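> Listed here are the chains, written in short residue letters.
There are 2 protein chains.
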Amino acid sequence: MLTKPTLILDEKKCKKNIHDMFLKAQESNIDFRPHFKTHQSLEIGGWFKELGVNKITVSSLDMATYFSKEWDDITVAFPTNILEIDTINELASRINLNLLIESQESIQFLHECLTSKVNFFIKIDVGYHRTGINPLNSDLIGGILQISNNCDKIDFKGFLGHAGHTYQCRNKNDIITIHEESVQIMTQLKSKYIAKHPDFIISLGDTPSCSVAKSFEDIDEIRPGNFVFYDLTQNLIGSNTIEQIAVAMACPIVAIHEGREEIVIYGGGVHFSKDRLDDPKYGTIYGKIVKQNEDTTWGDLIPDMYVKSLSQEHGIISVPKQLIKNYKVGDLLFILPVHSCMTADLIKQYLTTEGNKI
Amino acid sequence: MLTKPTLILDEKKCKKNIHDMFLKAQESNIDFRPHFKTHQSLEIGGWFKELGVNKITVSSLDMATYFSKEWDDITVAFPTNILEIDTINELASRINLNLLIESQESIQFLHECLTSKVNFFIKIDVGYHRTGINPLNSDLIGGILQISNNCDKIDFKGFLGHAGHTYQCRNKNDIITIHEESVQIMTQLKSKYIAKHPDFIISLGDTPSCSVAKSFEDIDEIRPGNFVFYDLTQNLIGSNTIEQIAVAMACPIVAIHEGREEIVIYGGGVHFSKDRLDDPKYGTIYGKIVKQNEDTTWGDLIPDMYVKSLSQEHGIISVPKQLIKNYKVGDLLFILPVHSCMTADLIKQYLTTEGNKI
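In order, the protein sequence lines correspond to chains F and H.
Every letter in the first sequence is one number past the one before it in our numbering, and letter 17, counting from 1, is 24.
Every letter in the second sequence is one number past the one before it in our numbering, and letter 242, counting from 1, is 249.
Hints in this document: simulated from the structure, not taken from any laboratory.
Just so it is clear, the structure is predicted and the values come from calculations on it, not from any experiment.
Possibly wrong hints are sitting among the right ones.
Each pair may be met inside one copy or between any two copies, as identical chains are not told apart.
As the list claims (entries may be wrong) - List of simulated lysine-lysine pairs, DSS-like, C-alpha gap at most 27 angstroms:
hint: 1; residue 1: Lys328; residue 2: Lys199
hint: 2; residue 1: Lys288; residue 2: Lys179
hint: 3; residue 1: Lys11; residue 2: Lys355
hint: 4; residue 1: Lys328; residue 2: Lys19
hint: 5; residue 1: Lys56; residue 2: Lys20
hint: 6; residue 1: Lys355; residue 2: Lys76
hint: 7; residue 1: Lys335; residue 2: Lys19
hint: 8; residue 1: Lys11; residue 2: Lys124
hint: 9; residue 1: Lys199; residue 2: Lys124
hint: 10; residue 1: Lys160; residue 2: Lys23
hint: 11; residue 1: Lys124; residue 2: Lys335
hint: 12; residue 1: Lys203; residue 2: Lys56
hint: 13; residue 1: Lys124; residue 2: Lys160
hint: 14; residue 1: Lys76; residue 2: Lys11
hint: 15; residue 1: Lys364; residue 2: Lys160
hint: 16; residue 1: Lys160; residue 2: Lys335
hint: 17; residue 1: Lys20; residue 2: Lys124
hint: 18; residue 1: Lys62; residue 2: Lys11
hint: 19; residue 1: Lys221; residue 2: Lys22
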């Protein structure tokens, strides 16, 4: 029996999301290196293994250490934190470790301090402007390659980009435009450097682009992560339908305020995260409510029911007047999260619709 | 050596914050029942015990269970989650447990299912409109008291309010106005019900009111929590000076983008939380940078350096052109959080300025 905020994972939906993305990569004949920061679970990782996936992406050396129990080819898609050189050396002694470099200082540090071999990607800014090198900055790219050429412990693996600005899109055409621009930036780099470095690859792969693009002929690898669960943000962007969202939070109702047309749930910022969404109809929201089925699965959205605010432990649900009488204290509400990566990171445990704890 | 995002606790500042609030309560001759949801640590709880504090507030039954190892008088300042009746009964068999009630359904449920005695507060909405009963709703208040009168396992402890709308204030006068309104609401309730229930108390205590009010003559108990650390939000409200903030996150620099006047740190939403602040000068921010001293303590704010955005693991720092050359990859930045409760909840561990791990 569910008594506290619980993250429910619809195993069928999740496996279908994984399978669909796997097929898409396979049909384009490119590598599929899924990002595991969303689920952060060895068990869910196993569902990828069953399909033959053998390389992954993570966003911290801590996550790489966790997954290295079962995976031996891991890209840490985060600018190398040189302060963690001991962890880098430990991992590099055991697995095929791929790091991200965007400065000469970082690669020079690795050159001096590595005790085992690593591969590295040069992180390219494809337009998101969060991290990465301007693709036209040949001096910096050349400088980095120069240092790696002189170091037998650092192999150049390729160029890696993340088109995170697709998260600002609200329709598929805009996503495709950004994706095509990113591909063009990366293929131009490939043409420029391939003669000297014949084996390198180009890697892209935000969830919106990977969900919407039909194929990936010109790139070598995709790294989407969020697609495993999807969420309301991805739905607003245009990446997925509501039906594809594979996680929901089940939260107990602790108070009902008919006059204010509000329900108070046990479920707050420490469960959902404070990530928010600017909904075209409701303004700032933190989740939407779905119909609960007889088992722990769920159906459609309940119109006009949404999480309007979150405190540390409380959530406030806006409920239409005509619906509020259907609920009582002690009922559960099933809520689709705004950002499934952050919610999963906070809750750290899933209850699957098959009744398993992960 | 610090290699990853680390929450640093300035032990001296924290103990001074605790001592100052303790003295204020003592001078007003009222009970001090600090809220422990901010620090969530038995060890920091010990610093209160040293002063003679013997009762506390928490915001979930899980936290009550954790603190019940060392505390035997705990108020769960959250509408009772009747689904956790087993935990309630277990705790009530061991400690003095105080619950919050705001509906007849909840107290009726307790009446039928309690196996040990609990006390309860009626939660009053003093104007925040998140939870609580309208103080003029005598029917509902009377109905709840009626049920408790007929149940030997439920003792009426008093009326409890939380003036969370002080968090919208931006100066001390506005805070005092809200505080005085809350006190007036509660004292009117006291006058109305004291004849029939001679022993009950009134409990208030958001951090802004408790920090700014000079004394608390007309109430019986305060329950502030955030004051133990304070943060940038409380500073903006007017609760504390920057010097009083007792926690800072130390985050490694992983990339520097001079052209964009930005530094990338290892430190994101999973470390700080996505809580944000509308700064009058910089717009939406997620933290501000302070000068690091030779040891792990810190000094003043560095003007115009702030966290402008957060992803899951990345933070982007806006840095003035003339300062950015002072930094290099591998340096640490010390950052004051927007909301210390959420940051502490995420990090779950402190490194004190005395070198202890908590």
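> Could you run down the list of hints and mark each one as holding or not?
Here's how the hints hold up against the structure:
no. : hint            : verdict
1   : Lys328 / Lys199 : neither (63 angstroms within a copy, 32 angstroms between copies)
2   : Lys288 / Lys179 : within (20 angstroms within a copy, 36 angstroms between copies)
3   : Lys11 / Lys355  : both (14 angstroms within a copy, 20 angstroms between copies)
4   : Lys328 / Lys19  : neither (34 angstroms within a copy, 51 angstroms between copies)
5   : Lys56 / Lys20   : within (17 angstroms within a copy, 50 angstroms between copies)
6   : Lys355 / Lys76  : both (18 angstroms within a copy, 24 angstroms between copies)
7   : Lys335 / Lys19  : neither (30 angstroms within a copy, 47 angstroms between copies)
8   : Lys11 / Lys124  : between (46 angstroms within a copy, 23 angstroms between copies)
9   : Lys199 / Lys124 : within (26 angstroms within a copy, 77 angstroms between copies)
10  : Lys160 / Lys23  : neither (40 angstroms within a copy, 51 angstroms between copies)
11  : Lys124 / Lys335 : between (60 angstroms within a copy, 25 angstroms between copies)
12  : Lys203 / Lys56  : neither (34 angstroms within a copy, 68 angstroms between copies)
13  : Lys124 / Lys160 : within (4 angstroms within a copy, 67 angstroms between copies)
14  : Lys76 / Lys11   : between (31 angstroms within a copy, 21 angstroms between copies)
15  : Lys364 / Lys160 : neither (41 angstroms within a copy, 36 angstroms between copies)
16  : Lys160 / Lys335 : between (63 angstroms within a copy, 23 angstroms between copies)
17  : Lys20 / Lys124  : neither (39 angstroms within a copy, 46 angstroms between copies)
18  : Lys62 / Lys11   : between (35 angstroms within a copy, 25 angstroms between copies)
19  : Lys221 / Lys22  : within (20 angstroms within a copy, 59 angstroms between copies)
Of the numbered hints given earlier, the model fails hints 1, 4, 7, 10, 12, 15 and 17; all others are met.
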